[in-house]
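Produce the complete structure using the sequences and hints provided.
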Amino acid sequence: MALPTGYTTRNLLRRRAQVAFTALGIALTTAVLCGVLSLRNGFEQLFQPLGADEVAVYLRPGSTSEGQSGIPREAARIIIKERPEILRDSEGRPLAAAECFLALYMEKLEGGLVNAPLRGIEPASLTLHPDPPRLLEGRWPNWETDEVVVGRPLVNRMKDCALGDTLKLNTTPFKVVGIYEFDNAQGSEIWGPVDRMLEALDRPAYSRVIARMNEGIDYDLINEELEEDPRLSFEISSQSEYLAKQTTGLSGALLGLSVFLTLIMGSAAVIGTMNTMLATVSARNHEIGILLAIGYSRAEIFLSFLLESAQVGLIGGLLGLCLVAPFHGIETGAANFNTFTDISFSFQLSPTIAVTALVLSFGLGLIGGAIPAWVASSRSAVDALRR
Amino acid sequence: MNFPVRLAFRHVFSNKTRNGLTILAITIAVFLLCFLLAVVRGIDAGVRSASSTRLVTQSAVSLFVTLPMSYRPKIDAQEAVTVASEFRWFGGYYQDPSNFFPQFAVNKDRFVDMYVKDFEIIEGPNGITGPGARDAVKKAFATEKRAAIIGMGLRDDEKYNFQIGDTVPIIPAIYQRADGGAWDYVIVGIFKPLKARIPDKIMYFRSDYLNDSIESGEAFGEVAAGVYYVNIDQGSQAEMIATSIDQDFLNGPQRTQTVTEAAFASFFVSAIGNLPLFLGTVGGAVLFSIFFSVVNAMLIAGRQRLKEAGILQALGFPPITSCLLLIIEGLAVALIGGALGLALAISTQDLVVLNFGDSIRNYEIDSGLILLAIGTSSVLGITAGLCAGIPFLRYRPTEALRSLG
Chain A
1 MALPTGYTTR NLLRRRAQVA FTALGIALTT AVLCGVLSLR NGFEQLFQPL GADEVAVYLR
61 PGSTSEGQSG IPREAARIII KERPEILRDS EGRPLAAAEC FLALYMEKLE GGLVNAPLRG
121 IEPASLTLHP DPPRLLEGRW PNWETDEVVV GRPLVNRMKD CALGDTLKLN TTPFKVVGIY
181 EFDNAQGSEI WGPVDRMLEA LDRPAYSRVI ARMNEGIDYD LINEELEEDP RLSFEISSQS
241 EYLAKQTTGL SGALLGLSVF LTLIMGSAAV IGTMNTMLAT VSARNHEIGI LLAIGYSRAE
301 IFLSFLLESA QVGLIGGLLG LCLVAPFHGI ETGAANFNTF TDISFSFQLS PTIAVTALVL
361 SFGLGLIGGA IPAWVASSRS AVDALRR
Chain B
1001 MNFPVRLAFR HVFSNKTRNG LTILAITIAV FLLCFLLAVV RGIDAGVRSA SSTRLVTQSA
1061 VSLFVTLPMS YRPKIDAQEA VTVASEFRWF GGYYQDPSNF FPQFAVNKDR FVDMYVKDFE
1121 IIEGPNGITG PGARDAVKKA FATEKRAAII GMGLRDDEKY NFQIGDTVPI IPAIYQRADG
1181 GAWDYVIVGI FKPLKARIPD KIMYFRSDYL NDSIESGEAF GEVAAGVYYV NIDQGSQAEM
1241 IATSIDQDFL NGPQRTQTVT EAAFASFFVS AIGNLPLFLG TVGGAVLFSI FFSVVNAMLI
1301 AGRQRLKEAG ILQALGFPPI TSCLLLIIEG LAVALIGGAL GLALAISTQD LVVLNFGDSI
1361 RNYEIDSGLI LLAIGTSSVL GITAGLCAGI PFLRYRPTEA LRSLG
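As you go down the protein sequences, you meet chains A and B in turn.
Each residue of the first sequence is one higher than the one before, counting from 1 in our numbering.
Each residue of the second sequence is one higher than the one before, counting from 1001 in our numbering.
If you are wondering where the hints come from, they were derived from the structure by calculation, not from laboratory data.
Among the hints, a few may not be true.
Here are the simulated lysine-lysine pairs, BS3-like style, with alpha carbons at most 27 Å apart [claimed, not checked]:
#: 1; chain 1: A; residue 1: 168; chain 2: B; residue 2: 1074
#: 2; chain 1: B; residue 1: 1139; chain 2: B; residue 2: 1117
#: 3; chain 1: B; residue 1: 1195; chain 2: B; residue 2: 1016
#: 4; chain 1: B; residue 1: 1074; chain 2: A; residue 2: 245
#: 5; chain 1: B; residue 1: 1195; chain 2: B; residue 2: 1139
#: 6; chain 1: A; residue 1: 245; chain 2: A; residue 2: 168
Since we're looking at a predicted model, the values are computed, not measured.
Following this line, the structure appears as structure tokens:
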């Protein structure tokens, strides 16, 4: 004889206040987990752009990020002109660009300084990506003048980043002439002509060469060739490999935080559930006696209470998702620990995260309900009826 | 009629499972609250320990742009400047990238004097300790080109175990050597930080070792100073000196921005993102969820006490008695939970420092936190008791007695 599921649901409706309080505890746990995981997801997505395998980055050997790397100008020209692995466009020009990178002191609109990424680019920087940057407003910079374009998220976060504003680099003013959008980690940067920038900043060297690769190249082989060339001191890696190294710090910290918080808030939620279910069981003693008397087995009673608790958990989970859903897409910024520069990213709730959260809330309900359900199912029919 | 004190006491222990579970939940919440707040306060402590008589002259453009060596005489020439030293981030690691600690290139003749209030030299060349150690280290630092002074954490941590006289290879991430190898340093001094701002795993070495190697082609990079740390006279106008230094370099080659050491330190905190807000939100969510579970537990208790409330009223106690009984029960449960949570936080303090001390700096459960934890749990308990107790003021004895309890 199986217990009708409608029975457990109707039980929940009878004790609305208690169920609501218990579900809220689980909801907050789920919401915090979802929030932190969504942040991490939004951050990581930026480092997995489309076609990252077709693009490669040349850095100075031993440097793990472009901020640490330095490449003499002549060497960068040799790479771009001579290396056979670099793809050429229909007119035979290499799809490769020398770029410089610097974390710039910028003031946030809300006050306070951050390290904002500044990138000197070349015309090929705009065309070499399989999923290239798009211009939203204004125009791209002239390559011979002191002009910059800024990434869309910066416009609402930093001072001097609106169209028509003037940004002062050291002693040289640069005019903001455009706003671009780029769906990856380079989407919240300031871009200008590389040679103009190096001059303004009084810096001698590029930071990296980035290039679109021919199909089917072997990075190990190229690295061997690069090592043998006495004019060059370079290490090549695919962009996806390079980007993967840039996320470890912040991503790991967020994952660690979410596990820690889930454990702690989860145990508190389990305790709350247990309290509620124990009260339910003791209030329904009489009912349990009747169920036993009319022939329901202990396993069925156990399952029915367990199911009731899991339902509370699931309600909490759904509520938690509702709490966190409004945050989806909201943009924020933080320092990427690996480069110590500010990066704008948004909460990105994903189906995986939502399912994880629901499974967690269901699980919290199950764990919280196990002991009370066991207490209920081990009552003797006579004792239970006598009360 | 006297207040039934013994009854109040009995209530706390009447339902051991329920109150035990609630206590456990509060224990966890208070522990987490203490932990999160201690992290935030630890960060603050670093900023607060900054010296009021020190300025940092840095590039106005970027943290990563270095100032030229030629700036020092001009900074020295400023009135009220006592001693200035270059400070340059080296960013290397020992054996494996995971063995990371900060290294700075500093001036060989000025650094030890500049940091007189910031650290205490505890061990010098040939095992010298005590008051003479500082002079011995100062001398050794000025003589040995590869000399390095380290914090005691690098001596005491088994991973490093650096001792006086050891030659320590540091693998560069920025300043690569032409031979592709590591930079060698000779440990000449070990110090104990006197300021929360200075970690105990840190190394200072001579800027001329770095710059001369770059100049001779043994290493790659540019000859530069990094930023300048500038000690100024006690009681002098920090703002005015800062403006005056910046005026000197207004037309380049690198514009400077001189700030107090505190402002420099707080920039590093704010650059990470709005950590206090983030942790505060999380802490708030935890408190809320625990609050719900405590209120819930008290509501359950209240429902089971209905009949008892009727009896008390029939005996002549005013309705407020039942309400007070619930408040006392809530308060007692919350305080026991709070005390246990505090005990947990205090007893795990050393464990946290030992395991995460490199990233969670200055972690300490201090008296302020203890008071806050007790205050929070009291408010939690009283509010929960009130939520459950207030309906009792409305019940009439007959109504209450009729309930099934």
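Holds or violated: residue 1195 of chain B with residue 1016 of chain B, Cα cutoff 27 Å? Measuring from Cα to Cα gives roughly 48 Å; hence the hint is violated.
Within a Cα-Cα threshold of 27 Å, do residue 1074 of chain B and residue 245 of chain A meet the stated pairing?
Answer violated: residue 1074 of chain B to residue 245 of chain A is near 41 Å, above 27 Å.
- Item | Pair hint outcome, residue 1195 of chain B versus residue 1139 of chain B [Cα-Cα no greater than 27 Å] | Holds, at roughly 24 Å.
Does residue 1074 of chain B sit within 27 Å of residue 168 of chain A, going by the straight-line distance between their CA atoms? holds (25 Å)
Could you grab the alpha-carbon distance between residue 245 of chain A and residue 168 of chain A and see if it respects the 27 Å cut-off?
violated (31 Å)
Report task. Would you mind confirming whether the straight-line C-alpha gap from residue 1139 of chain B to residue 1117 of chain B stays at or under 27 Å? Result -> This hinted pair holds, its Cα atoms lying about 18 Å apart.
The structure fails hints 3, 4, 6 (numbered hints given earlier, in ascending order).
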